[in-house]
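**Q** Got chain A sorted already, so can you dock chain B onto it with the hints?
Residues per chain are reported as follows:
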Amino acid sequence: GEDVEQSLFLSVREGDSSVINCTYTDSSSTYLYWYKQEPGAGLQLLTYIFSNMDMKQDQRLTVLLNKKDKHLSLRIADTQTGDSAIYFCAEIQVSGNTPLVFGKGTRLSVIA
Amino acid sequence: NAGVTQTPKFRILKIGQSMTLQCTQDMNHNYMYWYRQDPGMGLKLIYYSVGAGITDKGEVPNGYNVSRSTTEDFPLRLELAAPSQTSVYFCASSDPGGRSKYEQYFGPGTRLTVT
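Going down the list, the protein sequences come from chains A and B.
Under the numbering used here, the very last position in the first sequence is 1211; numbers go up by exactly one each time.
Under the numbering used here, the very last position in the second sequence is 1031; numbers go up by exactly one each time.
Just to be clear, a hint being listed does not mean it is correct.
Stated by the list, open to error - Just a sample of chain B residues kept apart from chain A, beta carbon distances all over 12 Å, derived:
#1 I931
#2 T936
#3 N944
#4 N978
#5 T987
Claimed, not checked - Selected chain A positions facing chain B (in silico; Cβ < 10 Å):
#6 A1140
#7 G1141
#8 Q1143
Stated by the list, open to error - DSS-like mimics (lysine-lysine), calculated; alpha carbons at most 25 Å apart, straight line:
#9 K930/B to K960/B
#10 K1203/A to K1167/A
#11 K1135/A to K1169/A
#12 K1135/A to K1203/A
#13 K973/B to K960/B
#14 K1135/A to K925/B
#15 K1155/A to K1169/A
#16 K960/B to K1203/A
#17 K1203/A to K1169/A
#18 K1135/A to K1166/A
#19 K1203/A to K925/B
#20 K1135/A to K930/B
#21 K1169/A to K925/B
#22 K1155/A to K1167/A
#23 K1166/A to K1155/A
#24 K1166/A to K1203/A
#25 K1155/A to K1135/A
#26 K973/B to K1203/A
Calculated from the structure, these hints are not laboratory results.
Ideal Cβ placement from N, Cα and C applies to all residues, glycine included.
So here's chain A without its partners, still in its complex pose:
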């Protein structure tokens, strides 16, 4: 079955870059997502990438995909205190009707 793994914690200083990593299982046709959860709130989609892409950039966010190693990363440039949150990696295979599979989330703490 599908599985998505993430490290649980990351701490960075304000202004530095943050890199959150994720590994996933399978597939030749997969969509991968990064969600952000702020304290006491639901999840919001940050960005996504299709498995036929290597990189996607969206303002301060850069997503890198290494298909060979099934490794996904989210880089946040110039990290701000407002970026403190839990970041979830999620995967879905296009071939089936299975729902998204989420990782356990990485808690990012930004130190001023």
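**A** Chain B in isolation, oriented as in the chain A frame:
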């Protein structure tokens, strides 16, 4: 659009009581989901639905029931509440034909405590 709304925001139940968590979306999404999130843990899928009249079990369905009589509503029923059901419950919806394909839109959550 209000998006995905959930009620109540908070609830305390006694062991053995029952309740229904309400979820409504106004985006005309066919797919809807219920997750629970335990402290320090990720999301676990309880039930999901790919359209009105169709529901499927997720990873942790025991102790819960759902129904999907309309596209908009997807209530989650807890029968005989147990302390192990203390959690934050999130409802979500998605439109597989949308711009970001399977992006899920989440409600704000219901924080449930069973004592």
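**Q** Each hint should be assessed against the structure and marked as holding or not.
**A** Comparing the hints with the structure gives:
1. Under the 12 Å C-beta cut-off, the non-interface status given to I931/B relative to chain A holds; the minimum distance is some 26 Å.
2. At roughly 19 Å, the least C-beta separation between T936/B and chain A is larger than 12 Å, which holds for a residue marked as non-interface.
3. Against the 12 Å criterion, N944/B stays outside the reach of chain A, whose nearest CB is about 18 Å from its own CB.
4. With a least beta-carbon separation of about 18 Å from chain A, N978/B lies farther than 12 Å from that chain, consistent with its non-interface assignment.
5. Distance check on T987/B: its Cβ is at least 17 Å (rounded) from any Cβ of chain A, clearing the 12 Å threshold; non-interface status holds.
6. The criterion of a C-beta within 10 Å of any C-beta in chain B is met by A1140/A, whose closest approach is roughly 6 Å, and the hint holds.
7. Using the Cβ-Cβ criterion of 10 Å, the hint placing G1141/A at the interface with chain B is satisfied: the shortest such distance is roughly 3 Å.
8. For the restraint placing Q1143/A at the interface with chain B, the shortest Cβ-Cβ distance is roughly 7 Å, inside the 10 Å limit, so the hint holds.
9. For the suggested pair K930/B and K960/B, the alpha carbons sit about 23 Å apart, so the restraint of at most 25 Å is met.
10. Annotation: proposed proximity of K1203/A to K1167/A holds, straight-line Cα distance about 22 Å (limit 25 Å).
11. The suggested pairing of K1135/A with K1169/A holds, with an alpha-carbon distance near 21 Å, which does not exceed 25 Å.
12. For the given pair, K1135/A sits about 12 Å from K1203/A by alpha-carbon distance, which is consistent with the 25 Å threshold.
13. Taken as a hint, the K973/B and K960/B pair is honoured in the structure, with Cα atoms around 11 Å apart against an allowance of 25 Å.
14. Between K1135/A and K925/B the CA atoms are separated by roughly 20 Å; this keeps the pair inside 25 Å, and the hint holds.
15. Annotation: proposed proximity of K1155/A to K1169/A holds, straight-line Cα distance about 16 Å (limit 25 Å).
16. Using a Cα cut-off of 25 Å, the hinted pair K960/B and K1203/A holds, with the two alpha carbons roughly 9 Å apart.
17. At most 25 Å may separate the alpha-carbon atoms for a hinted pair to count; K1203/A and K1169/A meet this at roughly 17 Å.
18. Between the alpha carbons of K1135/A and K1166/A the distance comes to roughly 23 Å, so the proposed pair stays at or under 25 Å and holds.
19. Simply put, K1203/A and K925/B have alpha-carbon atoms about 23 Å apart, close enough for the 25 Å limit, and the pair holds.
20. The suggested pairing of K1135/A with K930/B is violated, with an alpha-carbon distance near 32 Å, which exceeds 25 Å.
21. This hinted pair does not check out: K1169/A and K925/B have alpha carbons roughly 38 Å apart, beyond 25 Å.
22. Simply put, K1155/A and K1167/A have alpha-carbon atoms about 17 Å apart, close enough for the 25 Å limit, and the pair holds.
23. About 14 Å separates the Cα atoms of K1166/A and K1155/A, which keeps this hinted pair within 25 Å; it holds.
24. Note on K1166/A and K1203/A: the hinted pairing holds, with a Cα-Cα distance of about 21 Å set against a maximum of 25 Å.
25. Of the supplied pair hints, the one linking K1155/A and K1135/A holds, its CA atoms being roughly 17 Å apart against a limit of 25 Å.
26. The hinted pair formed by K973/B and K1203/A meets the criterion: a straight-line CA distance of about 20 Å does not exceed 25 Å.
Comparing the model with each earlier hint shows violations of hints 20 and 21; every other hint is respected.
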